[in-house]
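Number of protein chains: 2
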Amino acid sequence: MTYNFFEKDQFSPINYNYSDVVEIYNEKSQFQKIQVLEHPFFGRMLVLDGIIQLTTKDEFFYHEMLVHPAMITHPHPREAIIIGGGDGGCVREVLKHPEIDSVTLVEMDIRVIEVCQEFFPMISAGINDQRVKIVSQDGLEYLENGSFAFDVVIVDSTDPIGPAKRLFSERFYSLIEKNLNIDGVFVTQSESLFFHLPHVIKVQQNLKNLFKMSYCYTQALSTYAGNWWTFSIASKLIDPRKVLRQVDGNFRYYSPEVHMRAFLPDSIQNALVSGKLDW
Amino acid sequence: MTYNFFEKDQFSPINYNYSDVVEIYNEKSQFQKIQVLEHPFFGRMLVLDGIIQLTTKDEFFYHEMLVHPAMITHPHPREAIIIGGGDGGCVREVLKHPEIDSVTLVEMDIRVIEVCQEFFPMISAGINDQRVKIVSQDGLEYLENGSFAFDVVIVDSTDPIGPAKRLFSERFYSLIEKNLNIDGVFVTQSESLFFHLPHVIKVQQNLKNLFKMSYCYTQALSTYAGNWWTFSIASKLIDPRKVLRQVDGNFRYYSPEVHMRAFLPDSIQNALVSGKLDW
Numbered sequence: 001m002t003y004n005f006f007e008k009d010q011f012s013p014i015n016y017n018y019s020d021v022v023e024i025y026n027e028k029s030q031f032q033k034i035q036v037l038e039h040p041f042f043g044r045m046l047v048l049d050g051i052i053q054l055t056t057k058d059e060f061f062y063h064e065m066l067v068h069p070a071m072i073t074h075p076h077p078r079e080a081i082i083i084g085g086g087d088g089g090c091v092r093e094v095l096k097h098p099e100i101d102s103v104t105l106v107e108m109d110i111r112v113i114e115v116c117q118e119f120f121p122m123i124s125a126g127i128n129d130q131r132v133k134i135v136s137q138d139g140l141e142y143l144e145n146g147s148f149a150f151d152v153v154i155v156d157s158t159d160p161i162g163p164a165k166r167l168f169s170e171r172f173y174s175l176i177e178k179n180l181n182i183d184g185v186f187v188t189q190s191e192s193l194f195f196h197l198p199h200v201i202k203v204q205q206n207l208k209n210l211f212k213m214s215y216c217y218t219q220a221l222s223t224y225a226g227n228w229w230t231f232s233i234a235s236k237l238i239d240p241r242k243v244l245r246q247v248d249g250n251f252r253y254y255s256p257e258v259h260m261r262a263f264l265p266d267s268i269q270n271a272l273v274s275g276k277l278d279w
Numbered sequence: 001m002t003y004n005f006f007e008k009d010q011f012s013p014i015n016y017n018y019s020d021v022v023e024i025y026n027e028k029s030q031f032q033k034i035q036v037l038e039h040p041f042f043g044r045m046l047v048l049d050g051i052i053q054l055t056t057k058d059e060f061f062y063h064e065m066l067v068h069p070a071m072i073t074h075p076h077p078r079e080a081i082i083i084g085g086g087d088g089g090c091v092r093e094v095l096k097h098p099e100i101d102s103v104t105l106v107e108m109d110i111r112v113i114e115v116c117q118e119f120f121p122m123i124s125a126g127i128n129d130q131r132v133k134i135v136s137q138d139g140l141e142y143l144e145n146g147s148f149a150f151d152v153v154i155v156d157s158t159d160p161i162g163p164a165k166r167l168f169s170e171r172f173y174s175l176i177e178k179n180l181n182i183d184g185v186f187v188t189q190s191e192s193l194f195f196h197l198p199h200v201i202k203v204q205q206n207l208k209n210l211f212k213m214s215y216c217y218t219q220a221l222s223t224y225a226g227n228w229w230t231f232s233i234a235s236k237l238i239d240p241r242k243v244l245r246q247v248d249g250n251f252r253y254y255s256p257e258v259h260m261r262a263f264l265p266d267s268i269q270n271a272l273v274s275g276k277l278d279w
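Chains as they are written, first to last, in the working numbering: chain A, 1 to 279; chain B, 1 to 279.
Derived by calculation from the structure, the hints in this document are not laboratory data.
Check each hint, because a few of them may be wrong.
[Stated by the list, open to error] Just the calculated beta-carbon pair ranges, DEER-fashion:
no., chain 1, residue 1, chain 2, residue 2, range
1, B, 144, A, 242, 47 to 53 angstroms
2, B, 274, A, 183, 35 to 41 angstroms
3, B, 125, A, 275, 27 to 33 angstroms
4, B, 144, A, 208, 39 to 45 angstroms
5, B, 183, A, 22, 33 to 39 angstroms
6, A, 169, B, 236, 52 to 58 angstroms
7, B, 161, A, 19, 19 to 25 angstroms
Quantities reported herein were computed from a predicted structural model and do not represent experimental measurements.
Glycine included, every Cβ here is placed at the ideal spot set by N, Cα and C.
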């Protein structure tokens with residue numbers, strides 16, 4: 001039986017068969033199908049291989065919550081690297097921190113960057129900043145073949161299927177640890193606490209083996225499957241659950257209060273890391 | 001253009017066209033279409049007029065988060081009333097508090113209670129408890145034609161369309177205020193902070209006019225449209241954001257830490273009540 005639960009949902013601004021979506025661009029790049037769609041509620045949407053990556057309506061929740069907790073945790077973030085994130089949303093947020101001297105954006109598919117510069121100028125504008133260096137390469141290979149000293153590492157990947165799978169491997173995390181300064185902070189999007197619980201558990205366990213501190217925080221995101229989205233943050237020195245310094249970053253959603261409330265309570269964090277969480 | 005964003009989403013446990021749903025019961029009651037479906041990930045689902053009301057996979061998030069913050073806020077909750085909630089999930093949670101002497105369940109559609117007793121015995125079992133009194137009537141009419149002194153009022157309604165619309169009116173809230181004890185606490189589900197923001201603002205403003213304290217707290221819920229679900233809580237005496245007493249209630253998710261983190265930060269709460277929140 002096929003069922004559309006939302007066909008009668010007169011109280012919601014969208015219908016879930018997306019019959020009101022208009023495609024304004026599509027191409028098949030070397031790596032994936034890239035589409036730009038227009039939706040009456042969500043605005044413009046970036047879709048890769050059929051999966052929504054961002055919408056202009058709600059991308060700020062995701063990008064602010066991925067970037068700022070890590071940036072605020074570091075006492076003086078000068079060198080940042082973003083792996084994935086060709087849309088430029090993370091670059092935009094990183095550049096809100098005046099301490100930043102350099103941002104390396106490692107995006108395998110250069111066409112994502114170019115398409116976003118054309119269709120999402122408000123999101124990708126920061127990519128033209130002179131502090132930003134673009135590397136068109138797989139993130140794991142880039143770290144493997146160099147030697148770096150980053151303050152903050154941000155992984156803004158697609159789902160862990162296909163090429164993005166290695167961006168969730170223990171090997172990748174250990175390369176990140178090796179290329180992070182002593183007061184460095186690492187954060188990655190890590191899928192849904194409800195839909196992808198076994199995956200979140202694995203990420204948390206891998207990080208616990210490599211870093212002095214690692215925690216999970218969450219944000220409800222309507223456009224991603226499972227909605228209760230997790231971010232996994234790890235630190236070599238400073239507790240990322242506390243906000244120790246102030247930044248006036250002109251944020252739409254993020255604040256120190258949002259930051260502190262977003263972390264899982266200890267009892268759930270402990271159950272998650274021990275693999276006992278089950279729902 | 002009709003688009004199924006999730007047809008290629010190999011990393012999620014569900015497909016959003018619900019092609020793997022099996023209907024095990026349906027009827028047209030006096031008020032609505034009642035369906036019971038079975039889903040490989042969500043388990044058994046109650047669907048009213050085509051909208052998911054609960055799934056056995058995740059109903060505990062909703063019911064625990066609707067009931068316990070209000071119950072814990074009251075210093076000695078003896079008399080509770082639940083308006084809506086014919087599935088029995090709220091009754092089950094209220095009865096976890098040993099102080100309770102009486103629970104009135106006001107459910108307009110008696111067939112919802114009966115269907116849930118047959119198909120969701122784990123959720124509705126509490127309805128047979130001798131402290132529970134069932135009233136088959138519209139909630140607003142029930143309060144209008146009586147005089148009560150409740151400690152806790154819980155509104156577990158469907159979306160504010162059709163008959164449930166009056167359960168979000170200022171008139172209804174003022175009847176609740178009149179029938180609440182001096183240390184009484186009121187809570188209602190109040191839709192999605194993302195999809196239904198104008199509605200949440202209106203509920204919060206109505207409550208602010210009637211109660212000494214009123215706040216919004218949230219929980220990510222995958223089965224409801226908009227997902228970032230709100231609960232609006234109001235109190236005559238005690239600040240519901242704090243947890244002042246301990247209850248060992250055998251909860252699957254709720255805890256004092258979950259309670260305190262669920263409330264919106266002051267800046268967002270204030271923007272919400274003033275109607276300035278906009279995303």
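Hints, verified against the model:
1. For the hinted restraint 47 to 53 angstroms between residue 144 (chain B) and residue 242 (chain A), the CB-CB distance of approximately 50 angstroms keeps it satisfied.
2. Separated by about 40 angstroms at the C-beta atoms, residue 274 (chain B) and residue 183 (chain A) satisfy the suggested range of 35 to 41 angstroms.
3. Checked against the hint of 27 to 33 angstroms, the pair residue 125 (chain B) and residue 275 (chain A) passes, with Cβ atoms roughly 30 angstroms apart.
4. With their beta carbons about 57 angstroms apart, residue 144 (chain B) and residue 208 (chain A) fall outside the hinted range of 39 to 45 angstroms.
5. For residue 183 (chain B) and residue 22 (chain A), the Cβ-Cβ distance of about 55 angstroms falls outside the hinted range of 33 to 39 angstroms, so the restraint is violated.
6. For the pair residue 169 (chain A) and residue 236 (chain B), the beta carbons lie near 55 angstroms from each other, so the given range of 52 to 58 angstroms is met.
7. Judged by the Cβ atoms, the range 19 to 25 angstroms given for residue 161 (chain B) and residue 19 (chain A) holds: they are separated by roughly 20 angstroms.
In summary, the structure is inconsistent with hints 4 and 5 from the numbered list given earlier, while agreeing with the others.
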